[in-house]
Amino acid sequence: MPEEVTLTIDGKKITAKIGQSILEAAEENGVYIPHLCALQELHSTGACRVCMVRIDGRYSASCTQPVSDGLQVEVESDELLEIRKMIVEMLFAEGNHFCPCCEKSGNCELQALAYRLGIDSVRFPYQFPQREVDAEHPDVFIDHNRCILCGRCVEASRNADHKTALEFIGRGKNKRLAVTGIVDLDRADKAVSVCPVGAILLKRQAFQVPLGQRRFDHEPIGAEVESRNPEVRTP
Amino acid sequence: MSDPIVTICEHYHRDRSRLMDIVREVQARQGQVSPEAEAVIARELGCKPVEVQSTVSFYAFLSERPVGHIPIRLCNDVVDRMAGAAEVARAFERELGIPMGSVTGDGLFGLHWTPCIGMSDQAPAALIGDLPVTRLRPEDVPELVEILRLSKDPHAIPREVGDGNNAHPLVRSMVHNNIRRSGPVCLSPWPRGEAVHRAAAMDPREILETIGTSGLRGRGGAAFPTGMKWRFAAQAPGARKTVICNADEGEPGTFKDRVLLTEQAGMVVEGMIIAARAIGADEGILYLRGEYEYLRAFLESVLQEYRADGLLGSSIAGLGGFDFDIRIQMGAGAYVCGEETALISSCEGRRGDPRNKPPFPAQKGYLDRPTIVNNVETFCCATRIVLGGAEWFRSLGTESSPGTKLLSVSGDCERPGVYEFEFGTPLSSVLRAVQADDAQALLVGGPSGQFVQEAGFGRTIAFDDLGTAGAVVVFDHSRDLLEIVEQYMEFFCEESCGYCTPCRFGNEVILQIVHRLRTGWGKPEDLDLLRELGQVMRKASRCGLGQTSANPVLSTMDQFPHIYESQIARPRGFDLAAATSQAEALAGHPSRHLEKEGDHA
Chain W
3 MPEEVTLTID
13 GKKITAKIGQ
23 SILEAAEENG
33 VYIPHLCALQ
43 ELHSTGACRV
53 CMVRIDGRYS
63 ASCTQPVSDG
73 LQVEVESDEL
83 LEIRKMIVEM
93 LFAEGNHFCP
103 CCEKSGNCEL
113 QALAYRLGID
123 SVRFPYQFPQ
133 REVDAEHPDV
143 FIDHNRCILC
153 GRCVEASRNA
163 DHKTALEFIG
173 RGKNKRLAVT
183 GIVDLDRADK
193 AVSVCPVGAI
203 LLKRQAFQVP
213 LGQRRFDHEP
223 IGAEVESRNP
233 EVRTP
Chain H
2 MSDPIVTICE
12 HYHRDRSRLM
22 DIVREVQARQ
32 GQVSPEAEAV
42 IARELGCKPV
52 EVQSTVSFYA
62 FLSERPVGHI
72 PIRLCNDVVD
82 RMAGAAEVAR
92 AFERELGIPM
102 GSVTGDGLFG
112 LHWTPCIGMS
122 DQAPAALIGD
132 LPVTRLRPED
142 VPELVEILRL
152 SKDPHAIPRE
162 VGDGNNAHPL
172 VRSMVHNNIR
182 RSGPVCLSPW
192 PRGEAVHRAA
202 AMDPREILET
212 IGTSGLRGRG
222 GAAFPTGMKW
232 RFAAQAPGAR
242 KTVICNADEG
252 EPGTFKDRVL
262 LTEQAGMVVE
272 GMIIAARAIG
282 ADEGILYLRG
292 EYEYLRAFLE
302 SVLQEYRADG
312 LLGSSIAGLG
322 GFDFDIRIQM
332 GAGAYVCGEE
342 TALISSCEGR
352 RGDPRNKPPF
362 PAQKGYLDRP
372 TIVNNVETFC
382 CATRIVLGGA
392 EWFRSLGTES
402 SPGTKLLSVS
412 GDCERPGVYE
422 FEFGTPLSSV
432 LRAVQADDAQ
442 ALLVGGPSGQ
452 FVQEAGFGRT
462 IAFDDLGTAG
472 AVVVFDHSRD
482 LLEIVEQYME
492 FFCEESCGYC
502 TPCRFGNEVI
512 LQIVHRLRTG
522 WGKPEDLDLL
532 RELGQVMRKA
542 SRCGLGQTSA
552 NPVLSTMDQF
562 PHIYESQIAR
572 PRGFDLAAAT
582 SQAEALAGHP
592 SRHLEKEGDH
602 A
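As they're listed, the protein sequences go chains W and H. Per our numbering, residue 3 is the first one in the first sequence, and the count goes up by one each step. Per our numbering, residue 2 is the first one in the second sequence, and the count goes up by one each step.
Honestly, the hints are just simulated from the structure, not real lab data. Backbone N, C-alpha and C define an ideal beta-carbon position, used for all residues, glycine too. There could be a bad hint or two in this list.
Claimed, not checked - Here are some of the chain W residues that sit facing chain H, going by a computed Cβ distance under 7 angstroms:
| # | residue |
| --- | --- |
| 1 | M54 |
| 2 | G72 |
| 3 | T166 |
| 4 | R173 |
The shape of chain H in the complex, shown without the other chains (with noise of 0.2 angstroms):
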């Protein structure tokens, strides 16, 4: 019998780009990549172990150490922390009889931290293999955990499928849409297949000029022109070109593109087809964050309908020339990825390091093609456009932010969910949808975004005013807002890559200062340390991670200065019995000296 191992890297032709799927299939065959597994795939690829070693140990899902044949993992996002996370992670704590981060003896069960997967508008939400279970309570866990000892399957999980596409027999998850507000843009229903007909029907010069006209920005955040893009990478020298959705929804709190993927994935497709199109590019990738996994299947099916319908394959829409597939390429768990110059680097099989621009991906990108890169929401805007045209969806929106925006919603609010707002829309307006009457602050745009307090809520999502990939977290007045910005850095710790200095380092010493503020021991010159570091980080970092990261406690300093100014002002004595515990615990028994102080106390 030949080893799996090997098999599964002759079903990739021992490509060396395709590191990625071999890894990953590696890791859900054995609950591990192992160094002996890293040494046969570093043979068979013919490159040196430590290059395989270099990409496993880069994502969260891949580990050398086996992490258990059902590993469960808890999101530990802020939000699903308010909803209640620590009290399920307790939960299963009990039942498996093991602390967080560790796996069972029996090697069946392992019990992990996650960030946000995606599910804040039904946390407290969890990962069990690839299978998402959300609203999940501590009581429901004895009986999880009994069902999944006995089956040994996350599928074997009795559950009510969700509306819509999930309850499609390949998806068959508990994942609700919560589609509360649907625009005229991307959540509503749209002719299949018409606007692939049309771009075939239409010169790229012409797809390009409506598109530049149209006055499309990205939509995953950095709101670069869409046209722009789109032309640069049409012009580039090349004779292959790849166009690249980035469906790696990571910041926290976003999870509109998941809900477009349930429901619109053919919108995405055909928006991907048109940029095809328009740059003369013969291969798209789908990158799929690797905790949409539950998605895939269904995904494909979506692309193979596409091919028999002769929309995606050669000579679509019956035009001789225009080629075009698309593979779903996986990632595994980091947050850096969705940086499109990462997320390249992750579709070769490499760590998801994020490049040096120039040269721009339009010039050189995956595999050194000319590619383009946009994110989930862009494709489907770019499908409506052919559709409608570009001075009809001039007409929605605002002058410097036509059409609408996808907000994902959720925190202290009644109806978390995706809502498609026309660009101009007041805070105000989003909080009266979301019924949320108590909000101290709200977070836009995700922890990369910035919090907005009260006299901010007339403030309007647009890119001259607040911009946004989306995520939008309510926050009421019973929080703790500099928990929270703990908390959030915490996951930039977790998830800068390492690459530069400024982000490697700036995010863990924030943490360390957050954490001394809300602790009590925060130091006045604090204040302008964070100020100076936020500011040395925002300017030096090399990527879009370390230029936002510090952006939690820069805009609360902003905006809820008081937060910090009251831990500084705080009277603090010195904790003798803190500052002695771990001597006593090395020494195994209480200081004698504390002992007598307090008899005579």
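The shape of chain W in the complex, shown without the other chains (with noise of 0.2 angstroms):
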């Protein structure tokens, strides 16, 4: 069997290594996949559905499904676009979001990528949601508003920390986080590292990198991986 296939990304030909997803191989190529629940050293949960791309005509979640030779792969298109614009905005309106006084802004995939896909406002009604700030753990703290159940701290406690300190209880608009017992989270963790939002953070760890200074503060989220095809140039 090939150890590489090749397919073609919005009719540009990649090649790619199999057991690869659609999301890894475009951005090996520079293509960047807008995408949030989705993280490289971690199995993808397909929770956020941000990364919708359209594989040989079929809508498919690019972090969950595997290359194969041959596939024909839409990115962008303003259908594609749209949704994801959609999804951001959802995400936005389910929870409690407020940037200027979240200690992540700046570093927040979420904040990020509503600047990169030039959203300004939310068609949906904000729900303000009745949540909790558990404060409880020496080292760390969970801001249930900002969580946006993206999986990947209790993917990471599971499968990276080999712990199941963290799991997700309820359903529906009722599913939260959910920890088993502060003394089995450590600050170490890779739980506590992956959060994309400000849901899991650091305690005595607040403004050390002033605003202004901080990841997506110059240069937008999916930068880092289009400086590595000179064809595109990030928006």
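With the hints in hand, could you dock these two chains into one complex?
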């Protein structure tokens, strides 16, 4: 069996390794596909649905779809852009995301994606849900207001930290993150470091990196991916 | 004396994958699965308490808080509401002295709403404990409650048992089959056991060939070619393989699988055995929805009979090496578990979260083994195909949709019940058979299917026209379709697993917008938003639930645009009283300013 396959992304041929997801293959070739739940070193949960693409005409999340030879993948189209925008807007309306008072501002992938996608307002009714801030842990805050239920921390705790210190409970809009007991979660855990938003934060770290010097303050999210491809210019 | 929870865990060999069975037993015994119980279970199974909580908190029939020694679950499906469920609820509230969604002070009764329990043809219905009580009338409630109060046992409820096996000593339920039209495939007698003997004599490839050429497609709604699914699983490498029967029929308005399990259970079992022979499976699971617990003992006895006859167990039909047995896995109230990968998660004792595909179950399913999941009716068809042959099966129905389809018909008609029609039957014929002469709309395939208006009654039941798992709900001209749409959206909000964004949030937004429209506060741009949002949910949701849950809105916007436009056009003033009602409630007195205004008027 060949180790490599060839597929097409927006009309351009790329090569990819067997076992890679469409998202990984695209990134390796300098094509950024917006996403919030997928993270290179973790098993993709496919929860956020921001990374939707069309593969041979069928809609699919690119993070959970493996590459295969001859696939025609559509990443940039008005329709797909609209889907991604709408999903990011949903996340903003669903939780309580107040960027100006959030320690994650500037490092937040949700915020950065909203900027990148040009979202200046949200079409959906804000839900203002009643959610809790869990500050019981000596080193870690869990702020459920900001949780987007992406599953990165749950996945990391289970398969990287081998602890299952975190799990989801409830279903539908009542689904939320739960900790099995503060003793199980350590500040050095991968689960603590992978949150794309400000839902899991280390205590005593606030504003150690000043606003203006943060990850997305000078370059939009995805720029590091696109820098691999000289043909693409980040907007 | 040892802790009963420990005993339950021991009974399941402390097997983490049997967590559903364990928590169900704890729930049945203690009326709840308390955090303390979760901790004991976690300790016994060697997992974290939060994992147990994760499963318990997912299913409607499991609860960390007490739900009452006798939980009374009233069905709030659209059809039950049409039949007067609200009045029945009020009667229960009066008799028990508690509002819906609460438990009596003595802990004896809990009063809860529950979505469709598969009794739409005998609505309004409820589950009292595990016992289905059908055709409830408000005037029956005082006596019912009195009996329950004295006996503390739902089985003490006097009842005339229903027809057929509903009167079986292991069932004894008041449920009726309401079989209105039998067809040649599913609802007619079959020579018990013969199909198994034939399958044992056939080469597995021959069975795959037969099922493949019969053109059989899945009857659960997704219509995937059964032969292809079986072939994938047969070809997948794996020492152990699994055959699962999806008896989690949860689509509102569907109840035909309940009737098959009551009257044709053997045919279902034989279909599973045939599938096992075809793919080389050694383990079978019948996933029975929690609402059908009352059929469990009976189904166990059916399996026992097959074992006694040498048709289940080892060396089936005398064929050395043909070993296959079936266990019943109970669900616990989760519509999404009808999705095959969610169902597999549930069988493994986990939350009923659907999984990412690939890998497909045929490659990596139950406990990572190659697995096929088929609907109850699909297995019945497989049994009949082995008996009658692929050619005969193809002679029924249409070229693209061979065979027959069971329809569960309910709503505004004279003869609700189960009908076996050949594919290709037009809706108009269905309407005649069920005696519905004032139909405004038909909901074909349940809320995840589509609404059809009168001009579409010539359309046919077929995969290339109106594909359906079988629910047909009739709405006459007296019904407010937008109200019905709102109720179905409540259902989807309740049943979304919450895993992916479009389904978790999209259903909520649709519900809110439809509510806004119904109460006169809709804006013209709401209609565009509904359409766009519905399309995004259809394209981007992770499983079939979210991909189809906008259908009540999308299909009524298409078929009945006036029900939306009339809401937008409705002139509305500012309702000052409504706007100030919350503040007045908080203040504890009416607004003085308003009173003054009133004086002047």
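Status of the hints after comparison with the structure:
no.	hint	verdict
1	M54	holds (5 angstroms)
2	G72	violated (16 angstroms)
3	T166	holds (5 angstroms)
4	R173	holds (5 angstroms)
Checked against the numbered hints given earlier, the structure breaks only hint 2 and satisfies all the rest.
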